[in-house]
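> What follows is the residue order along each chain.
Number of protein chains: 4
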Amino acid sequence: MRAVTFQAPRELRLQERPSPQLESRADAIVRIDASGICGSDLHIYHGRVKIEAGFTIGHEFVGTVTAAGDDVTRVAVGDRVLGCYHSACGTCFFCLRGAYHKCDRMRVFGHGQLLGGLPGTQAEEALVPMANMTLRRVPAGVSDDVALFAGDVMGTGYHAVAEGGVRPGDSVAVLGLGPVGLCAAQIAVAAGASPVVAIDSVADRLEVARSFGAVPVHLTEDSPRELIRAATGGRGVDTAIDAVGHPEALDLAIRLARKAGTVVAIGVYAEPCQVHMGLVWIKALTIKSGHANVIGHVDRVLSMLEAGALDPTPLVTHHMPLEDAPEAYAVYDRREALKIVLRP
Amino acid sequence: MRAVTFQAPRELRLQERPSPQLESRADAIVRIDASGICGSDLHIYHGRVKIEAGFTIGHEFVGTVTAAGDDVTRVAVGDRVLGCYHSACGTCFFCLRGAYHKCDRMRVFGHGQLLGGLPGTQAEEALVPMANMTLRRVPAGVSDDVALFAGDVMGTGYHAVAEGGVRPGDSVAVLGLGPVGLCAAQIAVAAGASPVVAIDSVADRLEVARSFGAVPVHLTEDSPRELIRAATGGRGVDTAIDAVGHPEALDLAIRLARKAGTVVAIGVYAEPCQVHMGLVWIKALTIKSGHANVIGHVDRVLSMLEAGALDPTPLVTHHMPLEDAPEAYAVYDRREALKIVLRP
Amino acid sequence: MRAVTFQAPRELRLQERPSPQLESRADAIVRIDASGICGSDLHIYHGRVKIEAGFTIGHEFVGTVTAAGDDVTRVAVGDRVLGCYHSACGTCFFCLRGAYHKCDRMRVFGHGQLLGGLPGTQAEEALVPMANMTLRRVPAGVSDDVALFAGDVMGTGYHAVAEGGVRPGDSVAVLGLGPVGLCAAQIAVAAGASPVVAIDSVADRLEVARSFGAVPVHLTEDSPRELIRAATGGRGVDTAIDAVGHPEALDLAIRLARKAGTVVAIGVYAEPCQVHMGLVWIKALTIKSGHANVIGHVDRVLSMLEAGALDPTPLVTHHMPLEDAPEAYAVYDRREALKIVLRP
Amino acid sequence: MRAVTFQAPRELRLQERPSPQLESRADAIVRIDASGICGSDLHIYHGRVKIEAGFTIGHEFVGTVTAAGDDVTRVAVGDRVLGCYHSACGTCFFCLRGAYHKCDRMRVFGHGQLLGGLPGTQAEEALVPMANMTLRRVPAGVSDDVALFAGDVMGTGYHAVAEGGVRPGDSVAVLGLGPVGLCAAQIAVAAGASPVVAIDSVADRLEVARSFGAVPVHLTEDSPRELIRAATGGRGVDTAIDAVGHPEALDLAIRLARKAGTVVAIGVYAEPCQVHMGLVWIKALTIKSGHANVIGHVDRVLSMLEAGALDPTPLVTHHMPLEDAPEAYAVYDRREALKIVLRP
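Chains as they are written, first to last, in the working numbering: chain A, 1 to 344; chain B, 1 to 344; chain C, 1 to 344; chain D, 1 to 344.
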């Protein structure tokens, strides 16, 4: 089968790879119908996240089950399915506490040996371990484009809102309107939050946020702090979501949150940085961080996608054939796309 | 001023009463613009809830603050406000745990000496104790009809959904589509629940539920249990809300809930009754009951009303002048109305 | 190997059975060192819970791992282990929400085909499915007698306290001082609850409760309602635990709980019964029911047993050899024992 | 009456002040029997927290009610009471969400005009606003020394454990064994946590921690990270409490916490500082900060003190008469005392 492999920073190749085989009774094989390119794929593309040369990349996918081990009960051969971006063992200390994203034996698709040696899904076929965890049937009426958000980007948006403790009627600010931020804004609106203030400096993204029911605020042309103060009786928002992963975004989130509020730092942090702990302390904030527990959220996300309460369609800006993956990554790297869907 | 007073079962009168005066620094006086008739007013009307002859009734209201004590900080003279149906002290054991609806010194409008001796709001003016607790400004753009739901019926719907632990994407069944059930259904939808199955045997009410985004199911002509099983992978709903207050409704709610699910019995119970504890035990259910903690929810409810995420307008079927209150109660008693708004 | 088998109500037999073999990579085989007799075994003994003639019974156990499949990572051959009373799949809808006790594929040791066809542990050896879920290493210094409580009775006590939402300093009443009630009382004390009022009519059990730090109250010779009122400023307890499973116990628990409090009905219910929903409603109570989620609690219970914060030793009244199982059940049935430990 | 007043950094004076008078129906007057010196008093003493010259200081107190306004219901004239370190209004946005420590109208005893202009309690008498919030009866059998911890230091320890989401059987590390850290360690043990690892570099404090049931670990002579790894199966603790308020303590707390664990930064932060957000992100931590919500916890803390589950007596190292306050602060400043109790 054909697969998109990492060769070196900014160098990908479409290569022939052996078709995957079931290795355990918990595995399934999925014939890929669509696979998305995600912001975290760019970390590999740039070489910041290091993986082996020749490793197949990609972790967002929709496809059809072609084989399944005896222990696979939640999907069956022939089912149209979507995948979560990683598998989890279901029995370790962390899985037993529902922290599937911190599973001691988690394996992430397309992230090399360090994260479990699980070949990626930008390929014609994929081996899916712990299929009961990792796969879900695509509800009738949900398109490939929509479904592949459930196991990664929309799950991440859901995670941000859930970790933020957002209740219907609460106020929310989302900082950074990439795909994750836009999904977080859409979910916050769909969860009854109000107002949901969406902050960025790119006009198109602000426009998408507006179409999702959020209040768009330009980071520099508007005054986010004053607008939020005015919209919340001077208090600040109940929950501020940093979907950027930059100390300035975190700092702004800390300033936008009300006393005893919550800041969710869902954007990626890799280094130490300056945090205004004096503000965090005097405001008695809660800060929650980390990537998303999509396995913990996927059923609920699918339910909302099926109902149309969520619809990430506007985020899909490009469809390209699998063989154009190298070009697709270059387009994505130039920030010309929000979500590119590759089709084998 | 004129006030609607209880005289005897099914006998009300419009009487002249002295205008209320501030009694404490925490009090406000409100000139009533609109007051609703509520299901619990019927209990008084029928004589099931006993109050003194001559006592002013009514507990849903919107109006304008005409006087306020020195400790009143959340509203001011001239503000257009809505009221919660009861006041709370803010400092007792229960208030300190956020259970304002179980305040040791709560006073309910229009419910006689037993519940605090606080004259009702179906009058031209009302004394409002603990105004910081009881009153909120009506957001701009929110009509009287909409606002007066915030402090009672919509707050009760919110309570049912909140107590039910409903999370975005969860499945919900609402049994009984009176005003409270319809509000609960609307809030469940607005909170991202899906599906929200609304069950009743009155076609008009089912139609309102459908317009709110719920899935209408006829109690007897459809098969609620089978439909819910089909809609939830055979499991039952995450949360079942009994908005009726009858053992049969509770029993159905228990049967509709999934294993480890939640049943919220928001309908009024006054007596012992048969409950299938065997089912409750084997399904490991949580049952939550009691009237609503509207003071705990009112800010969030108002935020959703202001955003248009909630809109109870379709529930207001009648507007009548205050002097027609006796006729209005008769109409309501004949179940010809969902919500009647009285205007002085 | 030898095993205790059910033949007919009140008729058990020690029979020869084939030694169990690994059936899956997730299985382990345990050589049993000790197995307890539990109240739920009596339901089988009496024929109320129906199982096949010849089926091996028992579900509380401590032993040594003699074989383990490739997927077993949390224990290893040679480990001294204790078992939970059931296994769980780790991947179904309910396991993914942490409700392991409601797993769609749960198998209960020694409860016949209906509950998974898993032979019991009152035997010389046992097959343990999903060993990562079901087994834990016994911490050094923890005796067999203590350890075998972790996977059933003490886990049930923990469940009652956890479901009750008990926080340090909260007041708790425990109704019924069988092994589960006594464990619940001990855990409530160890969790910082105060006062913990323990109610029964058997002097010896009250004495054990007193030794656990609880306040013993005789059901009929004392006045539980008055004593609890006096101890809680007239309010009632924050959490009332019904460890009996009888409508009168549930009714008393409802009366002992404070407004907005919690009742945990951990005792077994099988039938519909009278519940004073009027009281439940007016007090705005939460009722939680069902058997215990021991897999969800076992790590924490073990940690407390290891620290000596919990010590169920006083509950072990009898040690008997496996071959005396028929006599042991007769003793237990005559209520002459709190916990009997069988040793092969 | 006599009162201890701030004059300038490191300069206090015992001055004559007019006796306080009731100003509102919610006020009480307390004749002070004992008042503690607290770490936050030192911030004033050092001039880091600026207050007016001549302002009376102190905020921990036990005494007797000598006058009470008409709205005061939870205590009465003649009652022996303890006080919380601040009052709260009970009706603002934050109080209604239970965040009494972030009350919009909170007043802190002895902290100058900026924090409400409320004279301190290191005096012979004190005006206590919102007495229903601020005062509680001292349970029979609880000494002054013990009781005055309830409204500040022990309440802060309780807050740390509660915010940390500590459940019975969870592992906890406490960094910094000043009075707050020692109280946090004692509460964690009393709440059933195990192990509770207490880290400091002062032998005496480690010894007190050991007497409280914690595992003492020397910050530099032992290896906290290795010891905790060994004690938690290599994972790290469920909850790490930074009771120091220094970036190095916070950094260590972040390293000691397990994946998906919680860090509570209860120590005081006033400035921005370096935080390893990369670690926070990859471990998916929750960080909670801020001073304590003692009004939210005081009933439960008192219940535990009354039961003897908590006993801070070993922390009281000095008793001194009020007139020796200047000397007492000098002793405290030289770190020769854990808790000094002043008596008028």
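No lab work stands behind these hints: they were computed from the structure.
It cannot be assumed that every hint is accurate.
Said to hold, decoys possible - Taking lysine-lysine pairs in the DSBU-like style, the calculated list, with each CA pair at most 35 Å apart, reads:
hint: 1; chain 1: A; residue 1: 50; chain 2: D; residue 2: 50
hint: 2; chain 1: D; residue 1: 50; chain 2: A; residue 2: 259
hint: 3; chain 1: D; residue 1: 259; chain 2: A; residue 2: 50
hint: 4; chain 1: D; residue 1: 259; chain 2: B; residue 2: 259
hint: 5; chain 1: B; residue 1: 50; chain 2: C; residue 2: 50
hint: 6; chain 1: C; residue 1: 50; chain 2: A; residue 2: 259
hint: 7; chain 1: B; residue 1: 259; chain 2: C; residue 2: 50
hint: 8; chain 1: B; residue 1: 259; chain 2: C; residue 2: 259
Claimed, not checked - Examples of chain A residues lying across from chain B (beta carbon under 7 Å, computed):
hint: 9; residue: 47
hint: 10; residue: 54
hint: 11; residue: 165
Nothing here was measured: the structure is a model prediction, and the numbers come from that model.
Backbone N, C-alpha and C fix where the C-beta goes; we use that ideal spot for every residue, glycine too.
> All hints are to be evaluated individually against the structure, with a verdict given for each.
Tested hints:
1. A:50 / D:50: Not satisfied, since the Cα-Cα distance of roughly 52 Å exceeds 35 Å.
2. D:50 / A:259: Given that 35 Å is the threshold and the Cα spacing comes to 22 Å, the pair holds.
3. D:259 / A:50: holds (22 Å)
4. D:259 / B:259: holds (30 Å)
5. B:50 / C:50: violated (52 Å)
6. C:50 / A:259: Violated - the C-alpha atoms of residue 259 of chain A and residue 50 of chain C are around 58 Å apart, more than 35 Å.
7. B:259 / C:50: holds (22 Å)
8. B:259 / C:259: The given pair, whose Cα atoms are some 26 Å apart, holds under the 35 Å limit.
9. 47: violated (37 Å)
10. 54: The hint is violated - residue 54 of chain A has no Cβ within 7 Å of chain B, the shortest such distance being about 39 Å.
11. 165: This hint is violated: residue 165 of chain A lies away from chain B, its Cβ roughly 11 Å from the closest one there, beyond 7 Å.
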